[in-house]
Amino acid sequence: MKYVDEFRDAGIGRVLSGEILAAVEPGRHYKVMEVCGGHTHSIYKYGVDDLLPANVELVHGPGCPVCVIPMGRVDDGIALAHEPGAIFTCFGDMMRVPGSRGTLLEAKAEGADVRMVYSPLDALRIAKANPDRETIFFAIGFETTAPSTALTLMRAKAEGVKNFTVMCNHVTIVPPLRALLESPDLRLDGFIGPGHVSTVVGARPFAFIPAQYEKPCVIAGFEPLDILQAIHMILVQLAEGRCEVENQYTRVVPYEGNRKALEVMAEVFELRPHFEWRGLGFISQSGLKLSARYAELDAELRFSVPGVRVADPKACQCGEVLKGVIKPWECKVFGTACTPERPIGTCMVSSEGACAAYYNYGRFAREREVV
Amino acid sequence: MPPEVSDREQRILGIIETARAKRAKFRDERITMAHGAGGKATQTLIEGLLVPALGSGTLEELGDAGTVTIDGLGLALTTDSFVVRPIRFPGGSIGDLAVNGTVNDLAVAGARPMALTLSLVLEEGLGADVLRAEVEAIARAAGEAGVEIVAGDTKVVERGHADDMYICTTGLGRLDDRATLSPAGLRPGDRILLSGPVGDHGMAIMLARGEFELDAPIVSDTRSLWPLVDALLDVAGPSVRCLRDATRGGVASVLNELARASGVAMLVREGEVPVAAAVAGAAEILGIDPMYVANEGKLVAFVAPEHADAALAAMRAAPGGEQAAEIGEVRTEPPGMVLVETAFGGRRVMDQLVGDPLPRIC
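Going down the list, the protein sequences come from chains U and A.
Under this note's numbering, the first residue of the first sequence carries the number 728, and numbering increases by one thereafter.
Under this note's numbering, the first residue of the second sequence carries the number 5, and numbering increases by one thereafter.
Treat the hints with care, as some may be off.
Not the full set, but computed from the structure, chain A residues with beta-carbon under 10 Å of chain U [claimed, not checked]:
| hint | residue |
| --- | --- |
| 1 | Glu21 |
| 2 | Ile35 |
| 3 | Thr36 |
| 4 | Met37 |
| 5 | Thr48 |
| 6 | Glu217 |
| 7 | Asp293 |
| 8 | Pro338 |
| 9 | Ala347 |
| 10 | Arg351 |
| 11 | Arg352 |
| 12 | Val358 |
Derived lysine to aspartate or glutamate pairs resembling EDC-like cross-links, with alpha carbons at most 20 Å apart [what the hints assert, rightly or not]:
| hint | chain 1 | residue 1 | chain 2 | residue 2 |
| --- | --- | --- | --- | --- |
| 13 | U | Lys729 | A | Asp219 |
| 14 | U | Lys884 | U | Asp849 |
| 15 | U | Lys884 | U | Glu1023 |
| 16 | U | Lys855 | A | Glu215 |
| 17 | U | Lys729 | A | Glu288 |
Don't read these hints as lab results, they were simulated from the structure.
Remember, predicted model here, so these are calculated numbers, not experimental data.
Glycine included, every Cβ here is placed at the ideal spot set by N, Cα and C.
Let the sequences and hints guide you as you build the complete structure.
This is the structure we're talking about:
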């Protein structure tokens, strides 16, 4: 595949691996967090950490859109899916996330019309094809997917589509990062910044990481060479005693972000005062809801949802995994009670979740050398 | 990383593998689409409900076909239902699948396909021309595969109770004297051969459904695998340890089933696995690994190392095996697990499929 294979070249990978080795201070242990679930997935899928010395440890961060959805929101989604005559649409991974009484996939087996879509525009298309039925889109994701939900809502409003609504679960990346950095039980040396989010928000929002917390942050792409290069850039910053936001993903991420995307988000969404995150609790100003102008397209206003907060299962340690405090295998239920086919926690559902990535790809002994 | 930490990780991984090796229990309250996807849920249904209730020695082997010996004559028997949507797709149709799917289950059991029965479930309102085209496709595929349709049945159900048509075929084959195939025959060092590029059929169907607004020149690989099996048995005979056709769940699922059944490990070299450029591109966009995508004309052969090269050459010379490749080998450790050496130079597990191959969203 042209423009893809170039970023998966094993030969260049070996060269970068050598440069990383040269940048490592012998005997020092480095902990680098990849914020984004897309990075976690790539790291495991390509075996990127096999090319790193053992004292460079990758810690998985909170940037997995499916993983951060709390159980109560899943319950609300399932309630909407059971609305008489409703067509409930969502991204594929979302269908397997457990609520307090089952998943959307099980709701489908019980008779609810739950359909997987690849884009919110597909959901709008379904609404237009079924004018006598209500179509609901369960919107999730960070700033990466929020603009496409916003555009879809703008189009629905402009076209006067009356039978389409969105249950908005969009979240923003900076508040949880700030919460992480404030957390006393976490010691990190640097961050691999979220590539796709940054295509929208740019590099500027991450400036607080070096400015206030004195950690390097390198925004990176999702191919294995991108990730290796970003790790190298972080190690070089540390070796030179610098800390700043650098952009490895220059082929896609402009420093200022995507102004058009930010405009449509500002038009359609407003910040919720607070939003619950799976395992992380309530984080203020971290979630988006539809603005007053789009209230008529808000599924939570058109239909009644239980809106009950459901505590995470006691055994589940998704919160600690999302914060990078523990490794997936250190969770009490990992791989025994909680597996991809019977997940207890969200991190075991999405292929971008740290637990699912480790279980599916990383579940065997790796021998790496300490430098 | 301090050594005691990795010891602890190792111990936990050991506990998990012990749990995985146990026979799955069927505890679901309802059937979901995942039970039909060929991955873990399907395995749970088969091993947790069907085999315990119906199990005979032959059934418990969970081969593609069961074997029966009658008065010294070895026969293979298999059955399969076809519910594909849409019924016509680039490269074939439900009629082709109904013949080739069953023929291939016989072929990879080391049996020469001889006869089929045909059961048609038709939906009220189905166009006669559509049905006629499928009957012709069945006749053509049966002719090409050298099998006779010897009995059949037709049923019609109300509109909305079947998606145009469903087909069920049962196949009978004669076990070939040259074949000594069994999952128990796998030995460390055996080579893993794949008869051609993966993912063509599944990807052709996904695109034919028109849900993705993707257009690519991908056609189903549906075909009879008997000529390939015949060629393999000719050159390598008893050195062919085991054969599988990589249908639902793709090559990854076949390798996992066998690794688990035989208690061996497998190592796959990702860079050696043939994938058509269009399939690789579509899979990349949809976030799906082609190793998990269904094939309808590809087999995986496990061959003793001393005959692997000859077997590969024979496959390449046979129709449908032109792009055959050696993709890996059987190992001892870790038992029951399939590992991949990624083209990038890393290593990872290639696990069984969980649920439908769902897309990543960002």
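Taking the hints in turn, this is what the structure says about them:
1. Evaluation of the glutamate 21 of chain A hint against chain U yields a held restraint, the C-beta minimum of about 8 Å falling below 10 Å.
2. The criterion of a C-beta within 10 Å of any C-beta in chain U is met by isoleucine 35 of chain A, whose closest approach is roughly 7 Å, and the hint holds.
3. For threonine 36 of chain A, the interface hint holds, since its Cβ comes within 10 Å of a Cβ in chain U; the closest pair sits about 5 Å apart.
4. Residue-level restraint check for methionine 37 of chain A holds (minimum Cβ-Cβ distance to chain U is 7 Å; threshold 10 Å).
5. For threonine 48 of chain A, the interface hint holds, the least distance from its beta-carbon to any beta-carbon of chain U being 7 Å, beneath 10 Å.
6. The closest approach between the C-beta of glutamate 217 of chain A and any C-beta of chain U is roughly 9 Å, which is under the 10 Å cut-off, so the hint is satisfied.
7. For the restraint placing aspartate 293 of chain A at the interface with chain U, the shortest Cβ-Cβ distance is roughly 8 Å, inside the 10 Å limit, so the hint holds.
8. At its closest, the beta carbon of proline 338 of chain A sits 6 Å from a beta carbon of chain U; the interface hint therefore holds under the 10 Å criterion.
9. At a threshold of 10 Å, the smallest CB-CB gap from alanine 347 of chain A to chain U is about 6 Å, leaving the interface hint in force.
10. Interface restraint check: arginine 351 of chain A against chain U, minimum CB-CB distance 5 Å, threshold 10 Å, status holds.
11. Nearest Cβ of chain U to the Cβ of arginine 352 of chain A: about 4 Å, under the 10 Å cut. The hint holds.
12. Here the hint on valine 358 of chain A is kept, as its CB sits about 4 Å from the closest CB of chain U, short of 10 Å.
13. Between lysine 729 of chain U and aspartate 219 of chain A, the direct Cα distance comes to roughly 17 Å. Compliance with the 20 Å bound is thereby established for this hinted pair.
14. For the hint pairing lysine 884 of chain U with aspartate 849 of chain U, the CA-to-CA distance comes to about 16 Å; that is within 20 Å, so the pair holds.
15. Restraint check: the Cα-Cα separation between lysine 884 of chain U and glutamate 1023 of chain U comes to about 9 Å, which is no more than 20 Å; the hinted pair holds.
16. Of the pairs offered as hints, the one joining lysine 855 of chain U and glutamate 215 of chain A holds, with about 15 Å between alpha carbons and a cut-off of 20 Å not exceeded.
17. A threshold of 20 Å between alpha carbons decides the hint, and for lysine 729 of chain U with glutamate 288 of chain A the separation of about 12 Å falls inside it, so the pair holds.
Checked against the numbered hints given earlier, the structure satisfies every one of them.
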